[in-house]
Structure formats: structure tokens, C-alpha cells
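*Asks:* Position 248 of the sequence shown, counting from 1, maps to 248 under UniProt numbering, and the rest follow consecutively.
Source of the hints: derived by calculation from the structure; they are not laboratory data. Hints may be right or wrong, so weigh each one.
[As the list claims (entries may be wrong)] Here are the simulated DSSO-like pairs of lysine-lysine, each with C-alpha atoms no more than 30 Å apart in a straight line:
#1 K297 to K308
#2 K123 to K163
#3 K152 to K192
#4 K297 to K192
#5 K192 to K308
#6 K240 to K259
#7 K240 to K152
#8 K192 to K240
#9 K163 to K297
#10 K306 to K163
#11 K240 to K297
[As the list claims (entries may be wrong)] DEER-style ranges, computed between Cβ atoms:
#12 H302 to Q258: 15 to 25 Å
#13 E119 to A269: 24 to 34 Å
#14 T203 to V45: 41 to 51 Å
#15 Q174 to A139: 18 to 28 Å
#16 Q174 to A195: 14 to 24 Å
#17 K152 to P294: 21 to 31 Å
#18 Q296 to A139: 31 to 41 Å
From the three backbone atoms N, C-alpha and C, an ideal C-beta is built for every residue, glycine too.
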Amino acid sequence: MSENAPPPNDETDRGAFAPVPGAAYLDADSASLAGLLEWYEAMGVDLALEDEAIDRFAAPKISHSAQPVAASPSAPQQPASSGSPQGASTGLISNPLLQEDTKKPVVRQQNLAGKAEIEVAQKTAASANSLDELRDALAHFDACPLKRHADKLVFGEGPADAKIMVVGGAPRTQDDLAGLPFQGNEGALLQKILAAIQLDIETVYRTNILPWRPAGDRRPSPIERDICLPFFQRQVGLIKPQFILCLGEQAAHAVLNQKGSILRLRGQAHAVEIDGHAANAFATLNPSHLLNKPAQKALVWHDMLKLKRALSA
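Construct the entire structure; sequences and hints are all you get.
*Replies:* If you want it as C-alpha cells, here you go:
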């Protein structure tokens, strides 16, 4: 290569190396990266355009019919400097989508996206009068994007009159393959956690906020969660549990209707009302989290002791 040759352009050279978008939110392990690449492949992503994601809905609209503005006679056009690339213009914006209009409030159009699907989900879930009817309604519900890439529907499992409901955020790989919640190592650890306070896993109802596994075990979007939420809420209304144990932040946010880290939400009882039914909810760490950070099992043990005391009251 000539010494005067320009450096490679990351935006035009397909072979150039660039950071993987979203990698900042993942642990640096091969399983997480493989899951991310699996999801990218399922979504049809084959090229990284930017280091960070751009909210195209929130960006100012660009008029494609705008006419070029003639140059002012009093401001003669200056020749491009010798250091500028041939054909470049210093008066053009390289990427209008990155220019933020600070004078006008941006209307986030994605808040409207999925509204019709959410309304359909609410009506469909409300029409179910039993768990079997709700399962059948979910099996025929096609308005959630998660269903397109999931292997199986992962519905709840356990007694229909269970006193305790255990809720996770989303199915994992083994759950998706079996069509049942809390399979594999996560399920085995959950069984031990419940057994520590003399609870048989077969006596509790187990379910997730999402009935389909997000590709690559990615975090679901708010719209995807809101579409699935009515079906979970209807399970609560049909089973009427006295206690709900939330495993992880996704489950805690949906059940408690609160934001914040799981470390802030855990360790206390929360009075909740879901689908017209009142219950006491407890939040603790997800078994999948404990498999990566076993030192935090002590926190779960304290949470389970609080649940045990509530059961005995």
C-alpha cells in the first residue's frame, strides 16, 4: 500500500472492523456474544452502521421535496481547500438524522407503535375464563413479534389454585425447547431455593411475564412486554395466588409496577393488585443471575426467609 494512500473508511469498507452495537450491555463471555449474533441473524442485521443506535422515530423529519437554495450574491462561493476531498462541500450536513432540533419538542412516535396490538391483547386475555382458554388464546395470538422467532409457546405450569406464584421475566433456551418454564440449570436451582423453605416446586405455579423467548435471550422492548403483559395479568386473575415471588428485575417491574434495580426492590413485601386480585409480592434475584454470581445467594436466602415468615403468619 502506498504511503500516501488514505486510511480505510469504516463507513464504506465492508471488511473494516467496528465495535458491535449493543456489546457494551453484555458481559464479555462467548455465550452472550453468540446469543447477540444469533438475534442479529434472526433480525436480518448484516452490517454495523454506527457505534451507537439511532432513534430514527425521534429524529427530525427530512423533506425529500425541498429545493436547493441559491447562493447569496453578496457571499461568493469559496473554493474548497486543498486538504478537502474532491467533491466535498463544507456547507452540507453529513448526517441530518444526528442533528437535534432543540427548539421544538420531539414527538416520540414509537409510543404509538404497538397500541393496536396491546388493545387486542387486552381484549383477548380478558375473554379467557380458564387457564386452558388463555393458553389456547395465546397459541393463536400472532400480534407479538417475539412469537415469530420462538420455538414454542412457554405457558405457565402448576396447580390452578396455587397459593404461591413464581414469576420470571422471559423464557430461556431450555424453556423454549421444552415449552415449559424454568427448565435446565435455572429450574434446578429454583427447586433448591424453594426446598430451602420447605416448598415443593410442584405446589407452586410457575410462569413468565413473556410467553415466548426473545431471540438470543435479549432484553425485550417495552412494546413487546406491554403486548404480553395482559396474558400474564390474566393468569394472576384466574389463579388468585396469595403470594407472588418475582425473580429478577423484569418480573419485579411488571408485577410491582415500579422501576429501579432488583437490589432496591428486594427484601420487603409489596401489596399489589393485578386483574382485580390483591396479593403480597416479594422480589429476589433470578436463578440465572445466581449461576453467574453465586456469592449473592445469601441475599436470596434472606428474601426467602421473609416469604416463609409471611406464609406462616
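*Asks:* Run the structure past the numbered hints and jot down the numbers of the failing ones, going up.
*Replies:* none
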